[in-house]
Structure formats: C-alpha cells, structure tokens
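Undergrad: Protein chains in written order, with my numbering: chain Y, 1347 to 1626; chain C, 1397 to 1839.
Hints are not guaranteed to be accurate.
So, partial list: chain Y residues that the calculated Cβ filter (under 7 Å) puts toward chain C [claimed, not checked]:
#, residue
1, A1383
2, A1530
3, L1533
4, S1542
5, P1544
6, P1550
7, E1551
8, E1576
9, V1589
10, W1612
11, S1615
12, T1616
Hints are computed from structural coordinates only; laboratory data are not their basis.
Cβ atoms here follow ideal geometry from the backbone N, Cα and C, with glycine treated the same way.
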Amino acid sequence: MSQSLSPARLDRRATTTRGSVVGGLVVAGLLHAALIAVTLIAWEHKLDIVDQSPPNVPVDLVSISDKTNVAPIAPKAEPKPLEPPQPETQTTPAPTPPPPTAAAAPPQPAPQPKPETRPEPALKPIAKPPEAKKPDPKKTASEDFNDLLSSLTAPPPKSAHAARTGDRPVKGIGDMNMMTADLAAMLKSQMSECWSPPAGAPHPERLVPRFRIQLNRDGTVARQPQLLAESSPSGDPFMVAAVEAARRAIMTCGPYRLPPDRYDQWKDSTVDFNPRDMAQ
Amino acid sequence: MTQMRLFRFFAALLSVLALGLVPARAELHVTVDQANPQPLPIAIQDFGAASAADAASGQNIAKVIRADLDRSGLFKPLDPKSFIEKIVNINVAPQYGSWRPIGAQALVVGQVQTLPDGRLQVDFRLWDVYGESQMFSHSYKAPPESWRRIAHIIADAIYQRITGETGYFDTRIVFISESGPALARKKRLAVMDQDGANPMFLTRGDYLVLTPRFNPTAQMIAYMSYIGAKPHVYQFDLESGRQEMLGNFPNMTFSPRFSPDGNKVAMVLESGGNSDVYVMDLRTRAMTRLTSDPSIDTAPSFSPDGTQIAFESDRGGSQQIYVMNADGSNQHRISFSPGRNGTPVWSPRGDLIAFTNQSGGFHVGVMHTDGSGARIITNGWEDEGPTWAPNGRVIMFTRTTQGGRGSQIWSIDITGRNERRVPTPGDASDPAWSPLIQPPTRP
C-alpha cells in the first residue's frame, strides 16, 4: 500500500498531532510551574559577606574652651616660681603673621633698600618679618592671599609649659578666653612671689582686694594700680592692710616678663588677691 | 578661574575685616591665690635732732623701734648703713627712688626735741615707698625718762598700720625671777618691759611667790604668796607699790586670774584635799562658788567677753581642760589630746585657748574654744605655763632645759614660728603679760 495522503491517514496524523499538543502543553505547564516554584522558594543558605566596616569609636564632642579652661595648680614646693620659657621661644620661631593686608602693602617697597644693609637686619630679629615677606615678582595676587588665608587660620604658637589642665573643676584663670589663659598663669606666678598678705588676720577669706593694672610694653607698671573693689568695709584695719599688701605686691614685682608681641592682651588687666587657702 | 580667584579674594577680605572688628584685646583677669609671706623690709632712720643730747635719744628710740619690729618676725628692718639718702627735714617727701634700690617698702623718719618745760617731743612719719605717699604721722610728748615707752608706742602704731592688728610692744611682763644655788633658790616677783629692759624686783625673796597675773585694765598684779603660814592670793599695785591680801580665808587660796573688766578675780580655794573654783567680786569682796566636784579643779581663765571660764580638772581621771559659763553652769570637757592637758589660758582675741600638754614631755599648744584644731606649737624639753600678748598673736612660756638646769622665758608666734628667748636677769619662770599700758590710738 503506498503512502498517500488519504483522509484515513490524515485522520491518523491528526490524531497524533492532537496528542502531542496536549503532551506539549502538559510539559510546558509543568516546566512553567517548576520555574514559578523555584522563584517562590527562599534559599535558607545566605551568602556570607564579611563585615569590613571599621569598629565603632566612641566620640566625645568637646568644645575647645572647656579643655583650655585651665585651673590653677597648687605648687608642690612653695617657693619654686613657674618660669615659663615663652619669652625666649617667641623670638626665634617663624615670624608671626603680620598686621592686616592694608598695612602689608606699604612696607613692601620699604625692604627694597635692605639688600644694601643686609648684615644689619640679621642682628635684629624684629626686622625678619618684612624681609621674609619681600614680594617675589613671580607670585600672583591670588597666591599672596592664599598665603594670607593659611597664615591667618594657623593657631598662634603656644608654649607647652604655660597652660595645663587641672583635675578639679575650679573657675579657671582667664576663663573668658582660651587665648589669655597662659598669660594669666604667667602674671599670677610672678605676682605670687611678691605677695605677703597680713598673716594671721581673722577670717582671711573675706579680705579680697581687686585692682586694675596697666603695664608698659617693657613690663613695668604704667601707673599706680587702681583699687576697683574691696570685699570688706574700708574702715576695717585688716582690709586696709590687705589692700596695701596687694598694692606692694603689684609694684615690687615689676617689670613683669610677658611676651611683647601679645602686649595688647596683657597691657590692661584685673587682678584679685584672694587669700582663701591661707587660713591658719 | 577668574570667578574662583574673585571668590577667594572676597573671602580673604571678609576674614581680615572680621578680625579687625573683633576687639584685639580681651580683658585679662587674674586671681592670685598663692602668696610668699615674707617679713616686710622697712627702713628706719635714726630720729634727727638739733642738739647732741637729743640726737642720742633719737638714735636710741630708732634702735628700740627696729628691735621691736624685728622681734615680731613680721618686719625686716634694714641696716641704716645701707641707706643712700639721709633725710634731715621730715616735713619734706623723701626721694623714693633712693629707697627702692635698697629694697625698702616702707620708711620711718622722725625727730626729737626737748621742750622748754623739760618734756621730750617726738614726731615721726611712716612713708609708703612704692605708693609714694605718707601712710600716717604722729607726735608725742612725754617725760624724758619715758623715751622707751614712746619708742614702743611708735612701734605699735607702725605694726598696727601694716598688719591691721593692734600691737603689743608697749607692755610689761611680770614673772618670777630665780637666783641662788639649787638648794637655796631665791624666788622674787619681778616686772620688766616686754623686750627685757628695765627689770624691777617687787619682793625681796624672803618668801615664795607664785603664779603672778596681770589685771587686764590696770597695772595691778595678783599672785600667790607664802608670806604667812599658808599661801594666799595677794594683789600688788604697780603704781603705788601697795600689796594687800585678797580675802581672809583659813585655807589655801591660789591660781588667781582677773576678769576682763578687772572687777573680779577667779581663784581656787582648797579644802580637805579638794580644790574648787570661786570668783571674788573685788568691790564687795563677796565670794561665789562655781565648781563643787570632789576632784581638783584649778587654773581658771576668763574669756575676753567675761561670759565663760576655762579651767583644769581631773574629775575624768586625768587633768583635762573644761569650759563653763561664768556662773558655773554647763561645765563640759574640751581637751582630748593624748596625755594630760592643763593650764588653760583664753586668748585676748577670744578665738583660741593656749594650754600645756603633757605626753612624753611638756609642750605648749593652742586649740579653738570648742576644743577643735588642737595643735602643739613648741618643741622644747619642758615647755609650760603659756601667757598671751594683748593682741592674741604671740605667746610667752617657761622653758626648762634638760637636766633641770634652770628655766628661762621664751616667746613664740601662734603659727609656731619665730621662737625667741626673752632676756631676763638670771633664770626666770611663770611669765604673765600685761595689757597695753596705753590704749591704742587709731593712726
């Protein structure tokens, strides 16, 4: 029998196609279901990712004024004065920033004649700043201001000896301004050397005279100290004695050794003489 | 790029301007709370005079002033040989610049002259060398033989102005002067200036005299004397030289001490081995009994306001110090230092009580009037019997040297410093300090 496209054969072929369609559908459906099932199943096993972030560091937010608010330290050996090396170190390091730009412009032509007298400025350290700032013709105006900006934001040089943190929360010397704490410490240690309050006075903690002191640039007293306040009525002979002893301390201890380049900060000061720790 | 440069220019300008706006000087505030107490360097020039005799007085007066201030431990009189300027007219301000280099912080100048009526006139000024001003000045007139008292009064005025305390130089010390060999000791009542000058014997030494005490308001002394068979309390008037027995008791009376107003004397009466504290009113001679304990109560001392009495009692088993009201009520113990504590003496300033502590030797100490803060201030072999200077800053006491080779009088500051021997004619004991002979004048 030859194979021909007889309707019988067609029927047989048609019957086979119908079966394979259903089968195909079933297989496709199964595969789809499997795919969907796979997406629905959550993997128990997680990927191990090593935590490489840095360990937590506790951070204290502290304002600078709290930490440089120094407290006075009771000296271990009484007669030993604090001799801060500040006056010596100030004259040798890098020159301190010059006054504002407006003033910087005129002195610049002035150093021009200096090359003729070069050996002279070497003897006077004060002459150094204008020499160092001698304008380099290659520098542009913007780079000049760059230098100015960076030097303005640099902190002033501080001696490591002058300011120390005490461990008791006492109202510190110079507590208004962190920049004057070391100056207050220097003045205090120098004046303490010459202060001899009336010894054995009853209730010495009530005898606290306050003076205004004005100093010259060389550290000498510019004029008689002004009594601003006394803690006891002025008729009290012990208060009179305390005021006079404080006045003598101020006058006999000069000239005071303080950094001359910070004269503006110490030329005018208020001093309390408080014998609170000296009750017998 | 130009925009960047422009921005930086303005930023720099702004920061520079901002700097200019901030006040360049923040006010510096310093608290000085540590001191270096030193004696005050003071220059005292010999007092000037027109005549040679007066010049000698001027030198002597200055010498006494220097010695007084030096002995107080609070002043350092400078050597006159170091002076640069010689002031001849005390009514002209000194050249302060010539006194500062020698270290003088205060300057005393004065002058002496004999008046037509024979009295001595002494003028002086105290200058503040660094303050460049006069602190005060004064003028005194007195019989010439009182030149020492004038010097002491001037020293007191200087002391008071500089320290705020009243001075103690114009005072006398009454004491027992001892002489003779150990087995035949002669003890005489004596009085001298606080610097050891002008010693005077008040009794001949035929009979024993003990515990002399000064009247705080007058130049009178009360003491215990063995004139009769039994010792009794007597009163001696330094001005008139008269001596009288206080009360007429068959038994022993001793340890007298005046009240601050000088009208009463606290003393001890003994009866059958028991001693109690009594107070006698000097005006009425009436006796009031204050303690009635079977123990030995002795050594009463009034507080300067007259409201309390400190005394010694062994009612607790050993001698200790007690305080009671002046009427005898509220008797309570205040001494708790190790050992025995006795001879309490109330400071004329009212804040401290001096006493003798015995624990391995005798030492003088001071404590607050409630017994707190007790501290020993002397460290000799045998120190006892303290007496106060009228300003409550200095104490004198009897010191016996090791081996019992006689006793001397020493003085010390209440801080325990400046311990010095007081010069006496021979051995001495039992000092008692008088009040200021002349009440202080406000300079």
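Undergrad: Would the hint on A1530 (chain Y) stand, with a C-beta cut-off of 7 Å toward chain C?
TA: The hint holds - A1530 (chain Y) has a Cβ within 7 Å of chain C, the shortest such distance being about 5 Å.
Undergrad: With a cut-off of 7 Å, does the beta carbon of W1612 (chain Y) approach a beta carbon of chain C closely enough for the hint to hold?
TA: holds (5 Å)
Undergrad: Next item in the hint list is P1550 (chain Y). Is there a CB on chain C closer than 7 Å to its CB?
TA: Violated - the Cβ of P1550 (chain Y) stays beyond 7 Å from chain C, reaching only about 10 Å at its closest.
Undergrad: Is the hint on S1615 (chain Y) kept, meaning its closest Cβ partner in chain C is under 7 Å away?
TA: holds (4 Å)
Undergrad: Closer than 7 Å between Cβ atoms is the bar; does P1544 (chain Y) clear it against chain C? Give me holds or violated.
TA: holds (5 Å)
Undergrad: Hint check: is the beta carbon of E1576 (chain Y) less than 7 Å from a beta carbon of chain C?
TA: violated (13 Å)
Undergrad: Is the shortest C-beta separation between S1542 (chain Y) and chain C less than 7 Å?
TA: holds (5 Å)
Undergrad: Let's test the interface hint: is any C-beta of chain C closer than 7 Å to that of T1616 (chain Y)?
TA: Check passed: Cβ of T1616 (chain Y) comes within 5 Å of chain C, closer than 7 Å.
Undergrad: Could you check if A1383 (chain Y) really has its C-beta closer than 7 Å to a C-beta on chain C?
TA: For A1383 (chain Y), the interface hint is violated, since the closest Cβ of chain C sits about 62 Å away, which is over 7 Å.
Undergrad: Does the closest beta carbon of chain C sit nearer than 7 Å to the beta carbon of V1589 (chain Y)?
TA: With Cβ-Cβ at 10 Å, over 7 Å, it is violated.
Undergrad: Verify the interface restraint on L1533 (chain Y): the C-beta must sit less than 7 Å from at least one C-beta of chain C.
TA: This interface hint holds because 5 Å falls under the 7 Å limit.
Undergrad: Would the hint on E1551 (chain Y) be counted as holding, given a Cβ-Cβ threshold of 7 Å to chain C?
TA: This hint is violated: E1551 (chain Y) lies away from chain C, its Cβ roughly 10 Å from the closest one there, beyond 7 Å.
In the structure shown, a violation is registered for the earlier hints numbered 1, 6, 7, 8 and 9, in ascending order.
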